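S.K.: Take a look at the letters that make up each chain.
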Amino acid sequence: MHADPTAETATPSSTADAVRRRLVRKGRWSVAEIAFWLVAAATLVFLPERHLILNEIAIIGLFALSLDLILGYAGIVSLGHAAFFGFGAYAAGILAKHGLADPLLGLAVASLATALLGFATSFLVLRGTDLTKLMVTLGVALLLGEIANQASWLTGGADGLQGISMGPVLGLFEFDIFGTTAYAYSLAVTFVLFVIARRIVVSPFGLSLRSIRDNPLRARAVGIPVNRRLVAVYTLAAAYAGVAGALLAQTTQFVSLDVLAFHRSADIMLVLVIGGAGYLYGGLLGAIGFKILQDILSAWTPQYWQFWIGLILVVLVLAGRERLTDRVKALWPRSRPSPDGKAQALPVTPAREV
Amino acid sequence: MAAALETRGLMKRFGGLVATDNVTFRLEQGARHALIGPNGAGKTTLINLLTGVLKPTSGQILLQGEDITGLRPERRVQRGLARTFQINQLFPAMTPLETIGLAVSERLGGGRDWWRVTGSRREIVDEIVEIAQRFRLADVLDERTSNLAYGKQRLLEIAVAFACRPRVLLLDEPAAGVPEAERHELLATVAALPRDVSVLLIEHDMDLVFSFADRISVLVNGALFTEGSVEEVSADPRVRAVYLGESVDE
Amino acid sequence: MRRRTVLSAAGAALAILAFGGAASAQEAMKIGLILPMTGPFASTGRQIEAAAKLYMQQNGDTVAGKKIQLIVKDDTGVADVTKRLAQELIVNDKVGVIAGFGLTPLALAPAPLATQAKVPAVVMAAATATITEASPYIVRTSFTLPQATVPMANWASENGIKKVVTLVSDYGPGIDAEKAFSGAFSAKGGQVESLRVPLANPDFSPFLQKVADAKPDALFVFVPSGVGAQFMKQFVERGLDKSGIKLIGPGDVTDDDILNGMGDVALGAITTHHYSAAHDSPENKAFVEAFKKANNNMRPNFMALGGYDGMHVIYEGLKKSNGAGGEALINAMKGLSWTSPRGPVSIDPQTRDIIQNIYVRKVERVNGELYNVEFATIPSVKDPVKAAKSN
Amino acid sequence: MLTILFDGIAYGMLLFVLACGLAVTLGLMNFVNLAHGAFAMAGGYVTAVLMNRYGVPFLATLPLAFIVPAIVGLLLERTLYRPLYGRSHLDQVLFSIGLVFMAVAAVDYAMGSQQQLIQLPAWLQGRVDVLGIQVGLYRSFIIVICGVLVVALQLILSRTRFGSRLRAAVDDPRVARGLGINVSMIFATTFAVGSGLAGLGGALGAEILGLDPTFPLKFMIYFLIVVTVGGTSSITGPFLASLILGIADVAGKYYVPSLGAFVIYTLMIVVLILRPQGLFARAR
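Residue numbers (my numbering), protein chains in the order written: chain H, 37 to 390; chain L, 54 to 303; chain C, 88 to 478; chain G, 369 to 652.
Note that these hints are calculated values from the structure, not bench results. None of these values were measured; they are calculated from a predicted model. Be aware that one or more of the hints could be misleading.
Unchecked claim - Listed next, the stretches of chain G that the computed footprint assigns to chain H, with coverage defined by at least 3 CB atoms under 8 Å from CB atoms of chain H:
{"#": "1", "stretch": "448-457"}
{"#": "2", "stretch": "464-472"}
{"#": "3", "stretch": "587-594"}
{"#": "4", "stretch": "629-643"}
To be verified - Heads up, simulated DSBU-like pairs for lysine-lysine below, C-alpha to C-alpha not over 30 Å straight-line:
{"#": "5", "chain 1": "C", "residue 1": "407", "chain 2": "C", "residue 2": "205"}
{"#": "6", "chain 1": "C", "residue 1": "205", "chain 2": "H", "residue 2": "327"}
{"#": "7", "chain 1": "C", "residue 1": "469", "chain 2": "C", "residue 2": "406"}
{"#": "8", "chain 1": "C", "residue 1": "205", "chain 2": "C", "residue 2": "154"}
{"#": "9", "chain 1": "C", "residue 1": "297", "chain 2": "G", "residue 2": "586"}
{"#": "10", "chain 1": "H", "residue 1": "327", "chain 2": "C", "residue 2": "140"}
{"#": "11", "chain 1": "H", "residue 1": "327", "chain 2": "G", "residue 2": "586"}
{"#": "12", "chain 1": "H", "residue 1": "327", "chain 2": "C", "residue 2": "181"}
{"#": "13", "chain 1": "H", "residue 1": "133", "chain 2": "C", "residue 2": "476"}
{"#": "14", "chain 1": "C", "residue 1": "181", "chain 2": "C", "residue 2": "205"}
{"#": "15", "chain 1": "C", "residue 1": "469", "chain 2": "C", "residue 2": "372"}
{"#": "16", "chain 1": "H", "residue 1": "133", "chain 2": "C", "residue 2": "266"}
{"#": "17", "chain 1": "C", "residue 1": "154", "chain 2": "C", "residue 2": "421"}
{"#": "18", "chain 1": "H", "residue 1": "133", "chain 2": "C", "residue 2": "205"}
All C-beta atoms, glycine included, are put in the ideal place defined by N, C-alpha and C.
In isolation and in its complexed conformation, chain H is listed as follows (with noise of 0.2 Å):
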């Protein structure tokens, strides 16, 4: 991390090299990242009796990431990330119900057409500030949501959609009322998509990404087309949280209506904050964090474990989330803590001075 005191006297050669370790190292993983992807790996094996709770945190973390990549990154608040969500899931489901079976080719669908949706709805979080666009994007999943109420017909309306059959994944594993495969294919399904959305928050389509977070006068300044960037981002992020929704539908093949409800953006919302925003990390911790959370206390107390939760979440703001989560995040070589506990990664802007 240190600079490197020749830099000025250096060959320019010996310096590129130098800036070019510096530059490339960002994408390399670090021991704590690969362990903990090989404990994930592991409990596959060692915890056999956990895989469905499991396997909602995969997906969740999934879904959590997907936010990140808008949130974190990108700097675009939503309180409606369950729009993509939901329209994968249901995607999904009907694909299954209607005989194509295959799960990866669901998953392919629903990606496809949530990117689609993702895209269609990108201009209308282009403007406005924070509050416009947590309303806007909270319309249209509340929309979406009474969509699906109404055309029954397609989507079994508030019954939810029945007679989803799933094929086995790859044609060999048929899923198992352990949530064994369940978990196996949505873990690793997570994992491919992490590695992807690793890439390119390191890439320079990445870099470019926070700095209109940071600074989207300054983005546009050095020529990036600023609004072309989010878009992109906001049709890719769509997808992700389509294919979270997809593996929900096809792992508990059942869709109701709460998959496009105002509670699973507010909850996706709270496990990446609790988790830390951009560093991707954040949505996959937070998913954990808070569903092993919420088991022990619903078991401990099943009418009020809200209240415990809710106490913990005063807190830990109270007690200053980011300063816990700057710790985490400096495991990660890329991010370094801000030394004055602000949100760097926190893009919210006042609402009124916008």
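Add chains L, C and G to chain H, keeping to what the hints say.
M.R.: Okay, now just chains L, C and G, sitting in the frame of chain H:
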């Protein structure tokens, strides 16, 4: 030969207020041209018109002889018109390395590249190194921008604009707020900008204007008041009256 | 250093997950009770849980040599959570029966699991007719909406009502109720006009205005219990009661849980349902008294009864199957008949739905409190949808 | 026809009283207080408990439905909210959602999860015929109370010393502080009043909107819609937005019942796309 940058009858009205009044102006190739004027003369509006942040009410802007009036800001940058900001507009959470790398890779078409790691292309790395050395940032490349000394931040501000390889560079008060100790480094760097870049300098600091510019335009109340060589303008009694009188002859 | 922190945190998470799993099941019969305990439908969950616990308290926790253990889970009213919880209960806790299910999608989501794992599922609340068709392992102890609704249509046409507007919440059970009523009522020569209200709807006034414009003899209404109160109030506020429009519907609108709080606005509403806390029988008196005593004077409603009878079906089924689960248990449940607090009931061996009396009731003030007072009985009603199919 | 308009106005007025406190906290303190609905719920429960357990008449409970949430709001503002003013919006969202969860579970624990119902006095029930229009008495009552409140708020903001200080603090807290205005005190007072108004709205709305522990979550979206559509820079913005939304919602459901639920969301999206700052925001 076409001017590097030219405006023809440029007008901007905000409601009843005329902020830019029929400005027709040429920035010659390789020029070192200063634009001065008292506060509220409309310098910022003019810059915003040139860079495309604002749309003119009427009139034309030409870059290297081509009409760019209707182009969006980022397209103008891609055509070779870059600017710096009077108040730093940097990426506080990024390092100078990333900032310059961003601008370079963007210009080389890398911004659409979402698969390769930044820095995997040789020509990008070479150019980052060249710019970092030119702007004396090589020893702070890995610092967080928000932690840099103010003078270094100003240098970075110019370096980012320069990394866009502009044919025309608009410098908006580059030395504003730089402490005396760091000033020399900055002025030397500005003076050493290559001659194939035409520079329009917007400045309050008359020392800098006189040492840097070979031509001066004076803007008053949104209109072009006068234009000429440094000697002509500094000798013009009307200019002294409206402007220089206050800042030079005190 | 930091790496170690994260690794140990990961280890801790693993440990929590591992030990969160339950111990193995031996001579116990576990019942997984999955209910919405939080969220908008929490009161459904509370009633059922209270009734199930009351039943166990009254009848002991050992049946056919097996110790009954009740595991309550909160699905927050979200279908995929219900499914996951059911799956975990079956796979990890090795439950012999899953039960509860507050809403239609919550009952439908885990249905394939019941089939796959051969675990009986006792539906204690959800009332859409089709639910028992989703799996041969589903038994229902609540009611079906057509079951409660068709008698309403018959009663209405027999009592001089010619024109009815139906107003239902726009979701499965609502549409079920609307179809059942319209079908039966127009078959008898009545005239029906239909309105559907979004489920999340705080203000009924525009819909009620439409009703007022239509000037029907009666308004047939189905909204989820809970929203019923707001509906009643706005009905009266709009003066529809005074303009001679009768309020009729299945008993969800005059839910016992909140009926007393509605006040005089509810007076005179006529409903058909399978249970009223005011049902006049010794079984019911004992049930209501014990329930109130155990639950801080809360009045049991039809949800509670569904839970109570659901436990009864499980207990009696186990007795008949000698403690065996799976297919033996579901077969033992078929055809059970007993006297419930709601009256004589039995489980239809073909449809696994409950056969029960439907009562026509009117809201009246009894000893200072509002009750649905039964004044006519239609004995042994089967679910009309499935009855029509089998004919 | 006019009845629909009347109902829409009453509904809109109610929304306004419920949401205006949120507009103020958002506009003035730049604080995203999603727990706003919890204060409304508190007011509703104050009224319900006083009426049902202690037999206090409806009208007499209303001042308390204002005062209790206002005091709670004041205490929370002094202790928990204040340290978070400078924090990011996401922190504020997380914190206030946490408060909502706690409030929901706590009320559930204390009061049970069922609907709380109140009995209006006889003179507020039913409706009368005014010039051929059917007018609900309770809705008229709501319109009158809310109308008085709107006028009073507007007068306080535009005519009193407190109002001018408040506006100064809104425009630029630093300058206001420099002028010797006790900004912190103004914030606290405003927060308390906003919470109190929400409580009053909750009490008035219990009859029409229902009241159960999930109230703050159920109506959060509506409050946010009112505030974003109306803009946060004035009181009149959210007021007009409430009216428009109320009327559009009621009329939409009356004339096109099958599309009823779409109206309010579509309206919001369209408005925000055309006017991202809100319909009635001052140009900046």
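S.K.: Checking one constraint from the list: CA of residue 205 of chain C to CA of residue 327 of chain H, max 30 Å. Satisfied?
M.R.: holds, 28 Å
S.K.: Can the restraint linking residue 154 of chain C and residue 421 of chain C be considered satisfied, given a maximum Cα separation of 30 Å?
M.R.: Given pair residue 154 of chain C, residue 421 of chain C holds - Cα atoms ~22 Å apart, limit 30 Å.
S.K.: Is the listed coverage of the stretch 464-472 of chain G by chain H valid when you require three or more residues with a beta carbon under 8 Å from a beta carbon of that chain?
M.R.: It holds: at least three residues are needed, and the stretch 464-472 of chain G offers 8 whose Cβ sits within less than 8 Å of chain H.
S.K.: Regarding the pair residue 133 of chain H and residue 205 of chain C, is the alpha-carbon distance no greater than 30 Å?
M.R.: holds, 23 Å
S.K.: With a Cβ-Cβ cutoff of 8 Å, does the stretch 587-594 of chain G contain at least three residues near chain H?
M.R.: Satisfied; 3 residues make the cut.
S.K.: Please work out if residue 407 of chain C and residue 205 of chain C have their alpha carbons no farther apart than 30 Å.
M.R.: Roughly 18 Å between the alpha carbons, so the hint for residue 407 of chain C and residue 205 of chain C holds.
S.K.: Does the alpha-carbon distance linking residue 133 of chain H and residue 266 of chain C stay inside the 30 Å limit?
M.R.: holds, 25 Å
S.K.: Given the hinted pair residue 205 of chain C and residue 154 of chain C, is their alpha-carbon gap at most 30 Å?
M.R.: holds, 20 Å
S.K.: Mind checking the alpha carbons of residue 133 of chain H and residue 476 of chain C for me, to see if they're no more than 30 Å apart?
M.R.: holds, 24 Å
S.K.: Given the hinted pair residue 297 of chain C and residue 586 of chain G, is their alpha-carbon gap at most 30 Å?
M.R.: With a Cα-Cα distance of about 25 Å, the restraint between residue 297 of chain C and residue 586 of chain G holds, given a limit of 30 Å.
S.K.: Taking 30 Å as the top limit, are the C-alpha atoms of residue 469 of chain C and residue 372 of chain C close enough?
M.R.: holds, 25 Å
S.K.: The stretch 629-643 of chain G covered by chain H? Criterion: 3 or more residues, Cβ-Cβ distance below 8 Å.
M.R.: Held - the stretch 629-643 of chain G has 8 residues with a Cβ nearer than 8 Å to chain H, which meets the minimum of three.
In this structure, every one of the numbered hints holds.
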